[in-house]
Amino acid sequence: MMHINCIVSLIKRVEKSKPCHFTLLFTHQKLRLCVKSQTFSASTKIIRQDCIESNNNVTNVNNYIKESCDTNEKMITNEYINHENLKSHVNNINPTFAEVCPAKYMKTNIKIIDTLYLMEEKTAEKFSNLIIDDLSKNMTYVAEANPGIGLLTEKLLNAGVTRIRAYESQECFFPALRQLQKKYSSRLDIIKGNLFKMSKLHYMDSHDQKGRVKSMFKDTKPVLWSDKTYMQVIGAVADFVFLKHLILCVIFQSCFMSNGRPCFYLAIPPSMWNIINCRQTNGRMHSRHILFQILFDFKYYGELNRLSFVPWQKEKLIKRQNYKKYDHQTLCVVKIEPKANLFTDVLKPTQLLPFWYFIKHHITSNKRRLIPELEKWIPGCGVRLIAKDYNIFTQFIDLKPCEVLDIYKEFESWPEYKTSLFLSSVNTYIQSMHQNITVKYTYDDILE
3 MMHINCIVSL IKRVEKSKPC HFTLLFTHQK LRLCVKSQTF SASTKIIRQD CIESNNNVTN
63 VNNYIKESCD TNEKMITNEY INHENLKSHV NNINPTFAEV CPAKYMKTNI KIIDTLYLME
123 EKTAEKFSNL IIDDLSKNMT YVAEANPGIG LLTEKLLNAG VTRIRAYESQ ECFFPALRQL
183 QKKYSSRLDI IKGNLFKMSK LHYMDSHDQK GRVKSMFKDT KPVLWSDKTY MQVIGAVADF
243 VFLKHLILCV IFQSCFMSNG RPCFYLAIPP SMWNIINCRQ TNGRMHSRHI LFQILFDFKY
303 YGELNRLSFV PWQKEKLIKR QNYKKYDHQT LCVVKIEPKA NLFTDVLKPT QLLPFWYFIK
363 HHITSNKRRL IPELEKWIPG CGVRLIAKDY NIFTQFIDLK PCEVLDIYKE FESWPEYKTS
423 LFLSSVNTYI QSMHQNITVK YTYDDILE
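In the numbering used here, the protein residues as written are 3 to 450.
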């Protein structure tokens with residue numbers, strides 16, 4: 003391995019002074035070394051065996067690996083390293099998009115990307131093809147977030163989606179969307195707003211009660227939680243803030259969850275899919291993994307070229323966080339929806355908030371041990387846990403989502419639970435959260 007790393011280091015040095023026609027050669031050599039050393043992250047399509055076993059949607063590992071190799075070979079042709087030419091690159095791919103796209107999305111020094119815009123037609127067609135079969139089963143209220151000039155919008159309409167509500171906040175894209183509206187008549191509605199920033203609307207509503215969130219969903223019809231989804235949201239997300247917001251929506255039954263269960267067809271970075279789908283070694287990330295596994299159903303459909311979306315981000319900014327090192331290459335297309343049986347088979351509505359706090363409080367680091375932590379709430383309860391094959395060294399980070407759920411239900415069933423300090427701690431935390439909302443920028447940040 004050290005020998006391979008030395009070769010890669012040497013290649014990088016030579017690349018700084020190489021002629022341009024050697025670019026493909028060196029990139030290909032690095033790819034061969036990467037495959038040889040088997041250092042692919044679980045964020046790519048080569049996922050650890052334990053993750054594959056946990057995902058019922060992945061059935062053929064050999065095809066998974068072959069697709070990954072094909073994808074990485076295609077990535078060689080992309081001149082990702084030359085970020086200074088982003089605007090000319092966009093202009094070559096789609097002059098119409100380049101002409102109207104705001105300058106802030108043409109920058110590459112952005113540390114946090116909160117909005118993605120699709121600019122390439124073939125990728126739009128692939129996105130549509132990946133989701134249309136499942137989407138066609140229920141098109142109650144199809145909403146597209148941040149459609150830009152409407153590339154994906156048109157593909158979906160041509161594929162048979164009866165009606166789309168396009169939620170767009172940038173007025174520079176409205177002329178292109180209105181052209182589509184003329185072409186497809188009553189099948190396309192344009193609504194000003196950003197569905198992926200609902201947390202900010204919730205924050206503002208908490209101050210002045212103007213009902214911004216409610217107005218965004220004014221045309222939706224409430225349904226029972228166990229019924230089919232009342233809304234189908236399509237778009238691309240680059241940051242985990244929105245997915246954290248979805249967790250909070252389920253816990254507090256607000257925003258997206260106020261009228262029933264929505265469904266999301268999202269293009270997300272591999273690092274986000276990895277957190278959702280695979281066990282984590284970081285406490286904070288593992289808590290998110292557990293919550294998603296317990297509260298949501300999800301399915302993987304395929305991947306898209308990340309370079310078909312703007313803004314881009316400099317590779318060195320991404321690779322500072324090792325688990326994100328493949329986020330500049332691909333986006334994973336996934337379906338996410340709250341579990342229909344959440345309140346019948348998983349948790350009671352009254353258990354949601356205590357269970358969320360139970361995870362948030364205990365799974366914050368890699369070293370918190372199960373028995374010592376629970377004995378802080380109910381002294382002497384360790385004997386009961388030992389009887390269930392847990393020991394003094396069992397850590398929360400070692401537990402599977404189903405095990406955490408079972409432990410919480412066991413914890414709640416103990417006679418001392420109702421008089422323990424746990425419930426008062428939950429209430430104190432929620433009260434302080436609502437007090438702090440006046441000084442925090444978004445609803446999600448309070449619970450970070």
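Simulated from the structure, these hints should not be mistaken for lab results. Heads up, some of the hints might be wrong.
Lysine-lysine pairs mimicking BS3-like chemistry, simulated, CA-CA at most 30 Å apart [as the list claims (entries may be wrong)]:
(1) K316 - K327
(2) K350 - K202
(3) K350 - K326
(4) K109 - K327
(5) K109 - K230
(6) K106 - K128
(7) K157 - K128
(8) K109 - K139
(9) K89 - K230
(10) K246 - K202
(11) K362 - K327
Have a look at the derived ranges for each label pair, beta carbon to beta carbon [claimed, not checked]:
(12) F345 - K184: 25 to 33 Å
(13) T366 - F345: 46 to 54 Å
(14) E173 - K220: 18 to 26 Å
(15) E123 - H363: 55 to 63 Å
(16) K316 - D136: 30 to 38 Å
(17) K420 - E123: 38 to 46 Å
No residue lacks a Cβ here, since even glycine has one placed at the ideal position from N, Cα and C.
Against the structure, the hints:
Restraint check: the Cα-Cα separation between K316 and K327 comes to about 11 Å, which is no more than 30 Å; the hinted pair holds. Among the hinted pairs, K350 with K202 is consistent with the structure: their alpha-carbon atoms are about 28 Å apart, no more than 30 Å. Among the hinted pairs, K350 with K326 is inconsistent with the structure: their alpha-carbon atoms are about 35 Å apart, more than 30 Å. At most 30 Å may separate the alpha-carbon atoms for a hinted pair to count; K109 and K327 meet this at roughly 19 Å.
Our distance criterion of 30 Å between C-alpha atoms is broken by K109 and K230, whose separation comes to about 41 Å. A C-alpha spacing of about 26 Å is found between K106 and K128, which places the hinted pair at or below 30 Å, so the restraint holds. Of the pairs offered as hints, the one joining K157 and K128 holds, with about 9 Å between alpha carbons and a cut-off of 30 Å not exceeded. For a cut-off of 30 Å, the pair hint linking K109 to K139 is broken: about 39 Å separates their Cα positions.
With a C-alpha separation of about 43 Å, the suggested pair K89 and K230 falls outside the 30 Å cut-off, and the hint is violated. Note on K246 and K202: the hinted pairing holds, with a Cα-Cα distance of about 13 Å set against a maximum of 30 Å. Straight-line distance between C-alpha atoms of K362 and K327 comes to about 27 Å, which keeps the hinted pair within the 30 Å bound. F345 and K184 have their C-beta atoms about 44 Å apart, which leaves the hinted 25 to 33 Å range violated.
The supplied range of 46 to 54 Å is broken by T366 and F345, whose beta-carbon atoms lie about 27 Å from each other. Range check, E173 to K220: about 21 Å between beta-carbon atoms, so the 18 to 26 Å window is met. One distance hint, 55 to 63 Å for the beta-carbon pair E123 and H363, is violated here, with the actual separation near 48 Å. Range check, K316 to D136: about 35 Å between beta-carbon atoms, so the 30 to 38 Å window is met.
The hint said 38 to 46 Å for the Cβ distance between K420 and E123, and at roughly 60 Å that hint is violated.
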